[in-house]
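Spelled out from the first residue to the last, the chains are:
4 protein chains.
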Amino acid sequence: MSDNSFGRLLRVTTFGESHGPAIGCVIDGCPPGLALAPEDFRADLDRRATGKTRHTSQRHEADEVEILSGVFEGRTTGTPIGLLVRNTDARSKDYAGIAAQFRPGHADYTYLQKYGHRDPRGGGRSSARETTMRVAAGVVAKKWLAERHGVQVRACVSQVAHLVPRGFDWTAVEANPFFWPDASMVAELEAFMDALRKSGDSAGARVHVQALGVPPGWGEPVYGKLDAEIAAAMMSINAVKGVEIGAGFASVTQKGSEHRDLMSPAGFASNHAGGVLGGISSGQDIEVSVAFKPTSSLRLPGATVDTSGQPVEVITTGRHDPCVGLRAPPICEAMLALVLMDQALRHRAQCGDVDPVFPRIPGKHEQDV
Amino acid sequence: MSDNSFGRLLRVTTFGESHGPAIGCVIDGCPPGLALAPEDFRADLDRRATGKTRHTSQRHEADEVEILSGVFEGRTTGTPIGLLVRNTDARSKDYAGIAAQFRPGHADYTYLQKYGHRDPRGGGRSSARETTMRVAAGVVAKKWLAERHGVQVRACVSQVAHLVPRGFDWTAVEANPFFWPDASMVAELEAFMDALRKSGDSAGARVHVQALGVPPGWGEPVYGKLDAEIAAAMMSINAVKGVEIGAGFASVTQKGSEHRDLMSPAGFASNHAGGVLGGISSGQDIEVSVAFKPTSSLRLPGATVDTSGQPVEVITTGRHDPCVGLRAPPICEAMLALVLMDQALRHRAQCGDVDPVFPRIPGKHEQDV
Amino acid sequence: MSDNSFGRLLRVTTFGESHGPAIGCVIDGCPPGLALAPEDFRADLDRRATGKTRHTSQRHEADEVEILSGVFEGRTTGTPIGLLVRNTDARSKDYAGIAAQFRPGHADYTYLQKYGHRDPRGGGRSSARETTMRVAAGVVAKKWLAERHGVQVRACVSQVAHLVPRGFDWTAVEANPFFWPDASMVAELEAFMDALRKSGDSAGARVHVQALGVPPGWGEPVYGKLDAEIAAAMMSINAVKGVEIGAGFASVTQKGSEHRDLMSPAGFASNHAGGVLGGISSGQDIEVSVAFKPTSSLRLPGATVDTSGQPVEVITTGRHDPCVGLRAPPICEAMLALVLMDQALRHRAQCGDVDPVFPRIPGKHEQDV
Amino acid sequence: MSDNSFGRLLRVTTFGESHGPAIGCVIDGCPPGLALAPEDFRADLDRRATGKTRHTSQRHEADEVEILSGVFEGRTTGTPIGLLVRNTDARSKDYAGIAAQFRPGHADYTYLQKYGHRDPRGGGRSSARETTMRVAAGVVAKKWLAERHGVQVRACVSQVAHLVPRGFDWTAVEANPFFWPDASMVAELEAFMDALRKSGDSAGARVHVQALGVPPGWGEPVYGKLDAEIAAAMMSINAVKGVEIGAGFASVTQKGSEHRDLMSPAGFASNHAGGVLGGISSGQDIEVSVAFKPTSSLRLPGATVDTSGQPVEVITTGRHDPCVGLRAPPICEAMLALVLMDQALRHRAQCGDVDPVFPRIPGKHEQDV
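Protein chains in written order, with this note's numbering: chain R, 1 to 369; chain Z, 1001 to 1369; chain S, 2001 to 2369; chain P, 3001 to 3369.
Worth double-checking, as some hints may not be accurate.
Stated by the list, open to error - Below are the DMTMM-like pairs computed for lysine to aspartate or glutamate, each with C-alpha atoms no more than 25 Å apart in a straight line:
(1) LYS143/R - ASP2353/S
(2) LYS2052/S - ASP2194/S
(3) LYS93/R - GLU3073/P
(4) LYS364/R - ASP1306/Z
(5) LYS255/R - ASP1201/Z
(6) LYS3255/P - ASP2201/S
(7) LYS2364/S - ASP3306/P
(8) LYS1093/Z - GLU2073/S
(9) LYS1093/Z - ASP2201/S
(10) LYS2255/S - ASP3306/P
(11) LYS2143/S - ASP353/R
(12) LYS2255/S - GLU3190/P
(13) LYS198/R - ASP1306/Z
(14) LYS1255/Z - GLU313/R
(15) LYS3198/P - GLU2258/S
It is worth saying that the hints were derived from the structure and are not from the lab.
Remember, it's a predicted structure, so these values are computed and weren't measured experimentally.
Build out the structure end to end from the sequences listed, making use of the hints.
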């Protein structure tokens, strides 16, 4: 078995290596009738792309999406949507020196242990290049969620190393290269990133992801819980080491009387649950926080072994991000959108004719404060 | 769609409500030849059970497991293993008063929004009673992992509210009712729990889960990553709000040079990755940390609405745990064991004849320190 | 992997051996709100049961269905429906003599080759006893199809050995023990079966299954085609060796101008397609024909080998059906109903908001002739 | 949900329309280390291709396979294998006249009823063009089965309309354009096909498919039976209306004493079961027979309706095969190979360490006669 597909009813299968001829995906299960054109992918692929500022890897990929199937006269037909992106700026020679070495903190060692044979160029299949197709698939899910259900998915970077936003304004997020919600700190971040890059080291980050407008009822107890699938979706992204829903680890030190979100006809009084109760959406905003480790691709030398078991010192000379979390918000949004669309379809399958007779309780939004 | 099955090749399907006649599960895909008897389930079900001390719910269930199929002359046959546990101590009248009310922090509201019709007795399907069958299924997985691969899975409580262990000794864990790794703090915990119970409030907890002896190579990139499936498995447990692998959220403030686990022929120098690189086990210990929220079932009154949308005050009078995390270690172990056994079978399917020619690098264990 | 589950969105998992303590199933994904009671299972289980006439096996099972979960106050809740049937008339001693022999035409040899360890009592898991739970699950699917979509599923025996109906009347089918559509031939069939039973030999049969009222649009191209899933469903029944949709093998000698079903606003002119075009229901009746081999459990001695590889002669002394096809109609109906309900839910998931604007073309029914 | 993937552990996902820019597939789960090059696809794609003789459609496609991923230095890596074939000879204008008409016997009506929006060019997704990718994926499965298990898969046409082979010789099959096993009848077939083509009508056919060398033990009872999955695989091919395993429908008129395949240490005495007992391979040859309907694309006018519900007469003017069954053998082989490889991997997952201690019984081959 291998597992390059994501989702149950909206099923995305990706393929492709970092330095192979192309990457691509097949999106199976998208309802018919959704307007879709190649230019729809532009914005989010640019948000994820490297080489846009000096703070990311300097690989410059065109990321042109070709729609191979599933769309006729500008609308989806219900058949599988094939998407293809040619790799245009791979520099495999950067990796020639390390093909026989296991880079610490990378998947080199585990891929070779598992498969016995691997493509070492640029990390091959384990490269974050694969997330390009997640973002592309996420574009389709976001469009459908917005048009069919009025759901909006968004994300920001909520921590870089020790830096946390002092203020919080969603409108600031897309106006700086760090997806940072506090405009007053952008210069500080730039200085931090410049110093980091010069040091040859890397930094971790935290990303906050949110879905607004999710109706109550999405999520499949007990092993297809909405939060369980969100956790898997986020943890499947390269470099992720932790996932929280709502209060997350802070709930360990909360009292039950503090954590439980009281309700009244006017709405929920708080949202410590992060929009999920018993694995099912409550109608409140879905709130997710994700930890990204610092990349292990460093110019600083590190001890490792080679494929013959001898000790060596490795220096990673490819083009890399000093803080991979800085490009992660569109990826996290895409994964959340894919989970939500999949769950929406699953809910429609089983409960499509349930007629809710009791009132819906409004959610508590941050902006209500 | 509904989703009461877990796993791909080792597939566990559970059924049953908290106050229905019985709960049960079907384990499909277990290899033939594994020794299995009803008494194998005793130890772990007792570790999970309520009513053993004053610090847990006072529901007393016999938890007698009947093996209905899949075992002949004491060994599994490869056919589905049906397990049944009759509910013997349900007190549904405790819930009569709240059938028409949505308990805050519970799944009452979301189940009714989703399905339009629900079993309110004791939380019905959303009750933690369901985890009994996870533990039962986990017993099978633990046995197979130990006998076939020498893998050991274990867990402890690593935080209750603000209390953290001052020392750490795995041998202490099973010798106190709190799965606590510091024997010197047991009296302190008892006092804390007594006060908590009297207050009518509840507390959160953190559970640490570990697998020793996992060989390198288990895990299916990219959407069936070992850590992604662990995250889903843990988040699917009632009351869980966060999951970390290895350094987890601490990796946000680590430098890359600090986080990456250097390697030498003598072994890995650290285990910040938590035993997973690129979604595949590295041969180091698998390290997972899980956040449990404080239960929302409190004797303290709370504001909510009823099914006709009117504001009401609710008091939960059923038998509940003041700290659900205290019974969670066997559940977390079971879920980790189920993920690992499933991944082991998947790995064998695709890579069963891969012949690793390079050396295996020893893991860094805590006990090495 | 093992594969004891059927269906994608309506997922039925069965367990249990012929002579184990019980057989059972879990039905996952049934929409909430469907009325369901233990007595709903009576009629179809009796239609499938042995021991009702001298023409079937003389095993007398009570076949009492216990609903363990998923139903509250007489209606399904959307959570998994657990069903249990205790085995009450197993006579394992009948098999003591043949535990170490491979009965020709049976699964004895293949189960042992696959699993290395098996339950030989009454065929264990490979026994047709398992089809009891298919029929039980089919009852739920039939109810939902009838109530939600007005779909009716029915079956008859359309051939026994060389005997074929000379006339055809659906109302005759349930009025004789052979599900035979020609009342005038019942005496002839009884004589044939009596002679067959006395001879110690067995006979094959053909079953015709039909679904009326299926709307156009059900079926998932290209690998989840309605006819492909029907073929798998039928072929998964014990003793089935062939499946036809519509004209079936007769289409080999048809001309295209004869086979294609012409259309007019008044309706389809014929139904050689059997209600499926391109894997999707056309709105015509679904027509399926299934071949059942003669059972291999005979009183006539036959050459085989034992588990040590020595030649032996085997005589099957258990209670067996001289023509297993005679009890197959309710099983075939159940499988067709399960496929249709599953496809209905899948169709609703992807195309639940498609608004057909062109006219629906009426189907051609046999009774129109 | 949509369903454009095939297999459980070897998972093939196809995409693409007949007249879109390209067709392609992703093969996920192939073990690492298998030698694979673009030229491996040539032979089977040519065997399936149109335009090679006057007896098939005159569409001339290059069918050049580009390997996009999953292969490094000539061997599979265990990551998904992406294959792409550009469409080079689509003539969509042929279909301009019938875009608003439902061709009888085609999927036009059902696709539009299901999806509300469709690509009508050349049949779009419902075209047999999709089978190109099945054949490509089948090449991988055939290679693996041959190299790893010595299994050979082959097929021939065993009937065209009323014509059946008078002799049978496998070596003749690949030496004529009809995959016909009787060289003495080739002239007769050519004359038949010429007359058929001139008449504007079409003919049905029967294809026989066979796997030699399959070891005992492959197949997953009870819903993943080897024969059940073969039935689904064959019925998922365009134009198939019936599937038989072994004796198939002939078993209806067989006696049990005739049908059951007796065994001795020297081997099975016959193979009426077609190599499958209880859903598991017996070690005998797998024998499958498949009915192909006559294509409904005719130059002869036929009555139908248009998308506004009005009666019209339709003539299909595109390039079509007068007997689609004549190109089906490589497709049937591919589907059988994909089922077998998938089952081989599943068997290895669950029973990889079963050690058969009893003797294997040789199969009965036709050539033994």
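So, going through the hints one by one against the coordinates:
1. LYS143/R - ASP2353/S: holds (16 Å)
2. LYS2052/S - ASP2194/S: At roughly 15 Å apart (the allowed maximum being 25 Å), ASP2194/S and LYS2052/S satisfy the hint.
3. LYS93/R - GLU3073/P: Since the Cα atoms of LYS93/R and GLU3073/P sit roughly 15 Å apart, the hinted pair holds (cutoff 25 Å).
4. LYS364/R - ASP1306/Z: holds (18 Å)
5. LYS255/R - ASP1201/Z: holds (7 Å)
6. LYS3255/P - ASP2201/S: The hint holds at about 7 Å.
7. LYS2364/S - ASP3306/P: Satisfied, since the Cα-Cα distance of roughly 18 Å is no more than 25 Å.
8. LYS1093/Z - GLU2073/S: Holds. LYS1093/Z to GLU2073/S sits at ~15 Å (cutoff 25 Å).
9. LYS1093/Z - ASP2201/S: violated (60 Å)
10. LYS2255/S - ASP3306/P: holds (24 Å)
11. LYS2143/S - ASP353/R: holds (16 Å)
12. LYS2255/S - GLU3190/P: Roughly 17 Å separates the two Cα atoms, so the pair holds.
13. LYS198/R - ASP1306/Z: violated (60 Å)
14. LYS1255/Z - GLU313/R: holds (19 Å)
15. LYS3198/P - GLU2258/S: holds (17 Å)
Violated hints, listed in ascending order, are 9 and 13; each of the other numbered hints is respected by the structure.
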